[in-house]
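Student: Use these hints to put chains B, C, D, E and F onto chain A, whose structure you have.
For reference, the chains in residue letters:
Number of protein chains: 6
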Amino acid sequence: MRILLVNPNMTEEVTTLMWQTGRAAASPEVELTAVTARRGLPYISSRAEAQIGGVVALEMLADAGSDYDAAILAAFGDPGLLGARELFDFPIVGVSEAAMLTACMLGGRFLIVTFTAAMCGWYRDCVTMHGLDSRCAGVVALDRPIGPLHEVRERHGDALIELAARESRKRDAAAVILAGAPLSGLAERVREALSAPVVDPIVAAVKQAEALATLRPKKASQGSFRRPASKSSVGLYAPLAAILRGGHDG
Amino acid sequence: MRILLVNPNMTEEVTTLMWQTGRAAASPEVELTAVTARRGLPYISSRAEAQIGGVVALEMLADAGSDYDAAILAAFGDPGLLGARELFDFPIVGVSEAAMLTACMLGGRFLIVTFTAAMCGWYRDCVTMHGLDSRCAGVVALDRPIGPLHEVRERHGDALIELAARESRKRDAAAVILAGAPLSGLAERVREALSAPVVDPIVAAVKQAEALATLRPKKASQGSFRRPASKSSVGLYAPLAAILRGGHDG
Amino acid sequence: MRILLVNPNMTEEVTTLMWQTGRAAASPEVELTAVTARRGLPYISSRAEAQIGGVVALEMLADAGSDYDAAILAAFGDPGLLGARELFDFPIVGVSEAAMLTACMLGGRFLIVTFTAAMCGWYRDCVTMHGLDSRCAGVVALDRPIGPLHEVRERHGDALIELAARESRKRDAAAVILAGAPLSGLAERVREALSAPVVDPIVAAVKQAEALATLRPKKASQGSFRRPASKSSVGLYAPLAAILRGGHDG
Amino acid sequence: MRILLVNPNMTEEVTTLMWQTGRAAASPEVELTAVTARRGLPYISSRAEAQIGGVVALEMLADAGSDYDAAILAAFGDPGLLGARELFDFPIVGVSEAAMLTACMLGGRFLIVTFTAAMCGWYRDCVTMHGLDSRCAGVVALDRPIGPLHEVRERHGDALIELAARESRKRDAAAVILAGAPLSGLAERVREALSAPVVDPIVAAVKQAEALATLRPKKASQGSFRRPASKSSVGLYAPLAAILRGGHDG
Amino acid sequence: MRILLVNPNMTEEVTTLMWQTGRAAASPEVELTAVTARRGLPYISSRAEAQIGGVVALEMLADAGSDYDAAILAAFGDPGLLGARELFDFPIVGVSEAAMLTACMLGGRFLIVTFTAAMCGWYRDCVTMHGLDSRCAGVVALDRPIGPLHEVRERHGDALIELAARESRKRDAAAVILAGAPLSGLAERVREALSAPVVDPIVAAVKQAEALATLRPKKASQGSFRRPASKSSVGLYAPLAAILRGGHDG
Amino acid sequence: MRILLVNPNMTEEVTTLMWQTGRAAASPEVELTAVTARRGLPYISSRAEAQIGGVVALEMLADAGSDYDAAILAAFGDPGLLGARELFDFPIVGVSEAAMLTACMLGGRFLIVTFTAAMCGWYRDCVTMHGLDSRCAGVVALDRPIGPLHEVRERHGDALIELAARESRKRDAAAVILAGAPLSGLAERVREALSAPVVDPIVAAVKQAEALATLRPKKASQGSFRRPASKSSVGLYAPLAAILRGGHDG
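Chains as they are written, first to last, in the numbering used here: chain A, 1 to 250; chain B, 1001 to 1250; chain C, 2001 to 2250; chain D, 3001 to 3250; chain E, 4001 to 4250; chain F, 5001 to 5250.
Among these hints, one or two may not hold up.
Pairwise CB distance ranges (calculated) [unchecked claim]:
#, chain 1, residue 1, chain 2, residue 2, range
1, C, Glu2013, B, Arg1245, 18 to 24 angstroms
2, B, Arg1144, F, Ala5159, 52 to 58 angstroms
3, A, Thr16, B, Ser1066, 33 to 39 angstroms
4, F, Arg5002, A, Gly246, 40 to 46 angstroms
5, B, Arg1216, A, Asp249, 47 to 53 angstroms
6, A, Ser134, E, Asp4063, 46 to 52 angstroms
7, C, Thr2033, E, His4248, 55 to 61 angstroms
8, B, Asp1067, C, Glu2013, 40 to 46 angstroms
9, C, Glu2029, B, Arg1245, 42 to 48 angstroms
Hint data in this document are derived by calculation from the structure and do not stem from the laboratory. The structure displayed is predicted, hence computed values, not measured ones. Idealized CB from N, CA, C, for every residue including glycine.
One chain only, chain A, in its complex shape (with noise of 0.2 angstroms):
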């Protein structure tokens, strides 16, 4: 079983990170392969920089060909999901819905802890995108500079748990997801400090890819999420530009 892990973003030591991560999780028959962004931007952290993220994803998946039974698409706010959904014939899942989805499984409403303000809004439309406003219990995030990202975790771990802590118990969440690609493996550590289950979303997004590729799902022939009907380009990255090219004859 082969799978595919697509960090939009252009940070090689994240992708390490999320990879080993992931590794630690997956089955022994998967082989988990991760790319990293040679365009873009070093870390996605708005609307804007996810619209360009998300292009960046499609080109990434358009360069890895066909030889995988699943996709990851490795960034929290899930960019460019939904048209990765339609255009590529294996299934693809984003982190964030993985880890929502996961977290549903633990009962009752989950709580989305991450590292930076900025992000808080964003994530709630990520949310509001996958309709579980109903089982999320908030998005809450520290509130102070955060300095590089590879050291986010050991610098700010500590305030995390705190934030976490609180904030959970104070919203009856039954599980807490820590967002954000520079949290990955987090949850280990906090695992212990905490009194709710705690959701690393590559943990998940490599199992729920694990589903997906088992389950092996057609690709849609009808409906909003078939791929879209051919079309031509201009000035767009060439093999994204072939795969758009190649869709039905409408």
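Tutor: Chains B, C, D, E and F in isolation, oriented as in the chain A frame:
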């Protein structure tokens, strides 16, 4: 990884069908054990029967011991699920919950198709219980006598395919869930006949159980999903009574 | 007019309390009979216990015969209510349902106040089950050990009043529901201390049972609330098994 | 127990019809008084007319004095209900509110059936105003000229039954509400012809008024449903102006 | 382009304030006419008063003739708006509707800030009436005596700014609406003091009226917003009675 | 007042059509400038294409400079809208957002009518993104090959009218939105043929842009819609990269 499949119905043939479907979908490292109810009803098909079947499920889980990494509650409608989630330390997933959450990853809205209209209302309640109304394109059923349960797939397979095809097109459903244990395994056959992807609830449930087992969620020690306070009881199945007595000190 | 009050808990003192409160509210022509569970739990306070208590309620209703014009399911959270509504020919109302619907007629949103935080999650589930989330200003509870059930009113009455006063003001609640059978009758005492009207669930339930008895609703012979099809069963309480066997021919 | 039925329409025959239906449903201890509007419209059937009829209702309530234990606002759509609930010390229930809340206790979703399509939009607004959209299976109407109001039951009774039967089956409605004052009393006749239970709004309203009268809810002295602050006015009906002037000191 | 601003309150100073604010925002080609109620209340601040004020608004619109391209219903809470939309051929916009829809275009959720807590419940009803609950971050108010209406801006301006600043930050509101006619024009002053954009309802309403006037929407001749059928009436303001009599033949 | 109309599609004829429709609706003082995408797709008709088109829109806005008082994002579905709202200092409105918000002011629920079923799912996503599901009576489309875009109005006008007439009547829609840039200007012709009012998205967008330009909303300096923090990037269109680099210091 040890996963327990709990069939709160008494029909062994259906348990076998589910075990076979589940076994084929499970990762190699999974040991899948299936148990059939020894009291209760041959098949749950109403809210009243689900009330009873939910207690039977709790009894079966109390019997199971703590050697499992995750359990599957294998009756569509998820009878007893939320209560089980309070009482037991290992994670538990319901088949309808698993099917719906998995279907969400195929985009847009899912259609639930079942074999008898008697279950539509109860299944709609289940969609609401999981907060997924906005992701559900409807619950539809055949309107005819169904005969023996283990023959449902053979006798009514074609009619179910036709129903699923017509309604999924009409409602622009991005995925179809074939609901009801007697339909286990039918998804594979339906695959070629439909132009939307199909979700087999047992396949979904096995993979979601694997996801939860890998996540190893900590048992909540706060909030409304922690173990209830210790309770004495009268006239309950002894292993279940023991579980209830073993709750926290409040 | 004969109304049956079913307490699916085993604490006789609480049944007595509810009967007294209900009797004082009933119309002169009402004959109010109260029965207490002979198996199960002293007091239901979790989803798991409600699963069990709901079956006990079905058993008690099966015992009751058909001489009643309406029945009250007298445990907040309404365990077994929807199933009971399928099985029996006389109308049945739950105390939480009755309290919430009655509170709706006082305008705006109601606040649910109870004596232990353990029940908040389950009560919120109940609000959702009845589709009344938009009418509910919240579920709040004391956060302290409660001691014996029949002393809750005396020991914690003042703290409950203070909690209700503070939260109803803060949330602009148009009515307060004092939830939990041990609080029956407290509403009268709270009356002068609060500036919002208070709903006693037992008073509400008796009046709603009268409403249903007067309406004499025809038992549904179509749709998902008609009697389920005839079912054989194993190991169930005999009178309940007889009811299940007596369903329609499907 | 004194209950006032306020018909904000000017058609005496309809008041009589409602009084008769209500009287038959009321408890023996109830004294039911009905009043008919002396200004306004023969029958409210639009939002604009409801705006006017709502003021007429306030005027009639201002005329009524304070000798009542509860009042019924007897026009489907509940014109003026929320305002009345602020101004007056006794509890007030609307017939559509009463019908819908009572129907909720019959399970699942209710269907509203009326005799002219002109009212469907306004009635849907009323469902939304009460926060009951998720409990409503739809609002349906005959599409034909109706003739004199007091003959609606005779002329169109059969067509209404056919419509209610067809749509309630199609939408799996657990109950049918016959909406519109001219249909008062029709529920009894429809009873045998439908396979779902039927709610007569006047019967429901009388019983809900009894429920409120028994509850004796304290008039809110906080929040948005307390008496508005004292106001002078110009050109209003004198007894209503006096009520407005008699508000609190703010 | 002729636009009519209807103030259903009797306070001329407030009409003047609104006219000045509106005139400054209107396009050069707009002729803005403002009228003040000659009966009713000095200022609407409850649901009951809105019931009355809504009829006064219908009377004022009936007086206005048909020489207008659009009308503004200039009382926050939009009393009488939906009825007016049925009766009159020119388009009509409410100030709260205009403010909320305009605020939606600034992203995310808007916060409604007003000067007295008495109006919060009624304003929340208005948000619900327009189906905008998911776009509203809350309705907040000062909690103090307000004094004369035309001095509200001066006396309480600073406190309102502080309230708006604190609550908009806390709730991540993307826009602030200053609600209530006496606050007209305050937005300009608040502008520099807040870090979120501010919507003046009168400015929004004038521009929305221009939008509707330009669109020249055809008066509906089908459905629930067409003119109601012709009705005779008793005791209504003559020009309004004439409008009601002039409806279609139904 | 300078308004920029951004067509993120590459079809000049459609830009011309929109400019003409918009110019006719604009106030005299408005200078309306329209630009056409120089890269991307001839016409956006799927979620994937909207992901790309949204970035093209951001690029075009980055090119535009800051001399505009407001901008219109002129592709139904509003690709890139929320991101644009973060990045730029002038207000931006989407054509679908403008059409829907304007339609809300015509009462009740609007119907969206378009020319190809492929867009229905994406357009429904857009309704949800704006929180307007409860105001939308549905999204309907012709089900046939459409031919060249600039001939859609001529070839399919009659079929679209028939579809709009049938579905608006059936669903009691208070307004009809003709969605999709190639339908610009069709509303005027449809006007006489339909019995519900029709909204042309370009007309609506121009007037909403005027409303925003008049409001001159302050750029948020707090919360999730302020300018994102300064970011370096690789391989992006230089003017867009400059905008991203120019963000705040975080």
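Student: Now tell me, hint by hint, if it's right for this structure.
Tutor: Here is how each hint holds up against the structure:
no., hint, result
1, C/Glu2013 with B/Arg1245: 18 to 24 angstroms, "22 angstroms, holds"
2, B/Arg1144 with F/Ala5159: 52 to 58 angstroms, "37 angstroms, violated"
3, A/Thr16 with B/Ser1066: 33 to 39 angstroms, "36 angstroms, holds"
4, F/Arg5002 with A/Gly246: 40 to 46 angstroms, "41 angstroms, holds"
5, B/Arg1216 with A/Asp249: 47 to 53 angstroms, "49 angstroms, holds"
6, A/Ser134 with E/Asp4063: 46 to 52 angstroms, "47 angstroms, holds"
7, C/Thr2033 with E/His4248: 55 to 61 angstroms, "57 angstroms, holds"
8, B/Asp1067 with C/Glu2013: 40 to 46 angstroms, "41 angstroms, holds"
9, C/Glu2029 with B/Arg1245: 42 to 48 angstroms, "45 angstroms, holds"
Going through the hint list in order, the structure does not satisfy hint 2, though it satisfies all others.
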